[in-house]
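Could you put together the complete structure from these sequences and hints?
From first to last, the protein sequence lines stand for chains A and B. Per my numbering, the very first residue in the first sequence carries number 1; after that it's consecutive. Per my numbering, the very first residue in the second sequence carries number 1; after that it's consecutive.
Derived by calculation from the structure, the hints in this document are not laboratory data. Every residue, glycine too, gets a C-beta built ideally from N, C-alpha and C. Just to be clear, a hint being listed does not mean it is correct.
Reference listing, derived: stretches of chain A covered by chain B, where coverage requires no fewer than 3 residues with Cβ under 8 Å from a Cβ of chain B [what the hints assert, rightly or not]:
hint, region
1, 49-60
2, 82-96
Have a look at the derived ranges for each label pair, beta carbon to beta carbon [said to hold, decoys possible]:
hint, chain 1, residue 1, chain 2, residue 2, range
3, A, K202, B, E287, 35 to 41 Å
4, A, V138, B, K34, 34 to 40 Å
5, A, V138, B, E287, 42 to 48 Å
6, A, E180, B, R379, 31 to 37 Å
7, A, P165, B, P128, 43 to 49 Å
8, B, E7, A, E87, 26 to 32 Å
9, A, K202, B, K43, 32 to 38 Å
10, B, R379, A, L211, 30 to 36 Å
11, A, L211, B, E105, 38 to 44 Å
12, B, N100, A, K26, 50 to 56 Å
13, A, R144, B, R277, 48 to 54 Å
14, B, N100, A, K202, 44 to 50 Å
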Amino acid sequence: MLARQVKADGETRYDYSGVEAALRLKAQPGCEASVFVLVLGCAKEAVQQVREAIAMGADDGRALDLSDQAEPDAAAFARIFAEHVQEEDFTLLLSGSFPLDADTAATGLLTAVKLGIPFVSHVDSIQHAQEGTALTVVRKADGRVQTLSVSTPCLASVLPHPEAPVYKTVAGINRAYAREIELISVQCEGSSVRAEVRGREKAQGRKRGRLLTAVSTDEAVRQLIAEITEQHML
Amino acid sequence: MDFQLSERRQALQQAVREFAEKELLPGVIERDEKSEYPLELYKKLGSMGYVGLPYEEKYGGSGGDYLDYALCVEEISKVDASLGISYSVAMSLYGGSIYNGATEEQKMEFLPDVFSGKALGGFGLTEPNAGSDAGGCVTTATKKDGRYVLNGLKCFNTNGPLAEHFAVYALTHPELGQKGLSLFHVKKGTPGFTIGKIENKMGIRAAQVSELVFENCEIPQSALIGEECTGFKQAMKALDGGRIGVAAQGLGIAEGAFEIARKYLMTREQFGKPIYRNQHLAFKMAELECEIEQAKYMVYKAALDKSEGRPYTIPAAKAKLVCTNAAMHVTTEAVQMLGGNGYMREYHVERMMRDAKITQIYEGTNEIQKLVISGALFR
Ligand SMILES: Cc1cc2nc3c(=O)[nH]c(=O)nc-3n(C[C@H](O)[C@H](O)[C@H](O)COP(=O)(O)OP(=O)(O)OC[C@H]3O[C@@H](n4cnc5c(N)ncnc54)[C@H](O)[C@@H]3O)c2cc1C
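This is how it looks when you write it as structure tokens:
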């Protein structure tokens, strides 16, 4: 789970700690997880972040477009996330610790409450469960280190590990830009979430342009408009 | 004409930049001082697919193209030009030599280790009396009992002390002069092949450059790449590709120094204001910015020409000339703009200035590039 955060300095950032933790877990011996990324932000940016996560090693992802929304609060973020994952068959939801919802760090907790699953904050590392459904997590908070066993499905907000970044690979980048990314418009009204599939952001690959020949000017304009509408440029 | 890099290429560029800033920058000054090559970091780049960028996956590459590769050399060289050239030599001089001329079987044997970044490759053409005039080589490859016996000395071999695989040019027919040159693959550790003097250099100090010594070094007939007596052409073709790499290296060095100077001018105050507020310096930066942009388009164009199957000998020579001159000019100006600090190690630009110099010399000096370019003008 990745959400756009507008910092006090006005800059928009995303926290990749959750994605990195998921990829580290996936890399553990015997772990056969697949990593799905859910990004909440403005359409173009959100699609871009999904691609970045796939380039890092995530298997797939979906972009949730909030462009029409005024500044949503933690509760709205949580409703949106919960709505989008509750139909899915997941074991573990991961988010960064602080980036959500303008620094209140409440989105993770509220999402877990909505979904009725356990929540652990300040997670430093996660150990893949060899047997059973419980995960071993190491938590670092208030100067203390705790090792906990958490049953799944659950939601964990993880601490950043800047000393061990997960880099994008060439294969990952090629994969990320050769596929379409699902883009969904979401709106929060009161306690309900309205979602509408806006389409799929085109693969970037190495697609060449198409020369429109032997068509009338009107037809050429119609085709061009259809093309840029499909790409959400209009 | 599209002057915009695709989003995929931008992502690639951004990813290498991130790696360079996080992994290469921290030890770059120490590596330069101690002449230490970051082999582990190179292998890490390889494990992420950045090394064999322009080659097919079946040979250990990543299935990209030459522009992807040039972008990667550029980003690495912004931070560490030593790694930039070592990578470029392995990919375009060793890799290009073998890839262009080898049979499928030879490619499968000699390329994957190098293209996956597990091992380095070297390119042995230059000899003490054969530099710009590569046709003056005297190293011989004599046929004996179905094998070749190499004798001679190659000098200034980038990656020499570290490489596992070498593309070596030697005379199978000395009586034909340069037309008698042939290309061979030689493995490190082959009896009769040793590493000679390791050079103590002005710049690119972390890159390892040495002599290759051949004393009755026997190699199998299957080590011949292409046909006998096609070596000179093969070397020139590999060098055309190599020049795109060196151009990208020069561009990266220029950009790296430019950015350090730009930040410095904004923070350093003299006479009560940041020094960029002196129009002389701001104008100088405007000129350097244009020089860099010009260099960038030239090397990207040459790389695209190669990728898309157009002739690229002349574009590569032009790009090498312009980019490496930009590297020398921008780094020299950057040292001046940083004043006394520019002369000190920890500000990086003095290293970049030392690194820039070699880009005007190797893979054909810039005078030789002018010979190539002017030769095409007056054909
Ligand atoms: C650090 C380093 C790494 C290198 N790596 C490799 C490598 O991996 N493999 C390899 O094979 N070689 C390598 N080289 C060799 C390099 O390519 C040569 O040094 C270069 O081609 C110049 O040759 P030279 O040094 O013999 O100079 P010379 O040919 O002796 O040239 C001396 C000067 O005369 C000028 N000059 C020569 N002929 C002409 C002419 N016709 N018109 C105008 N001016 C002319 C040159 O431009 C130069 O300024 C490396 C060199 C160095 C220094």
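Structure-based check of all given hints:
For the region 49-60 of chain A, the stated coverage by chain B holds: 3 residues have a C-beta nearer than 8 Å to a C-beta of that chain, and at least 3 were required. By the rule of at least three residues with a Cβ nearer than 8 Å to a Cβ of chain B, the coverage given for the region 82-96 of chain A is violated, with 0 such residues. Checked against the hint of 35 to 41 Å, the pair K202(A) and E287(B) passes, with Cβ atoms roughly 40 Å apart. Between V138(A) and K34(B) the beta carbon distance is about 38 Å. The supplied range of 34 to 40 Å therefore holds.
In this structure the supplied range 42 to 48 Å is violated for V138(A) paired with E287(B), their Cβ-Cβ distance being about 55 Å. Range check, E180(A) to R379(B): Cβ separation about 49 Å, and the 31 to 37 Å hint is violated. Our hint of 43 to 49 Å for P165(A) and P128(B) holds, since their Cβ atoms are close to 46 Å apart. At roughly 30 Å, the beta-carbon separation of E7(B) and E87(A) lies within the given 26 to 32 Å, and the hint holds.
For the pair K202(A) and K43(B), the beta carbons lie near 36 Å from each other, so the given range of 32 to 38 Å is met. In this structure, R379(B) and L211(A) meet the distance hint of 30 to 36 Å, their C-beta atoms being roughly 34 Å apart. For the pair L211(A) and E105(B), the beta carbons lie near 42 Å from each other, so the given range of 38 to 44 Å is met. The hinted window of 50 to 56 Å between N100(B) and K26(A) is violated, with their beta carbons roughly 39 Å apart.
Between R144(A) and R277(B) the beta carbon distance is about 52 Å. The supplied range of 48 to 54 Å therefore holds. Under the hint 44 to 50 Å, the C-beta atoms of N100(B) and K202(A), about 35 Å apart, miss the expected range.
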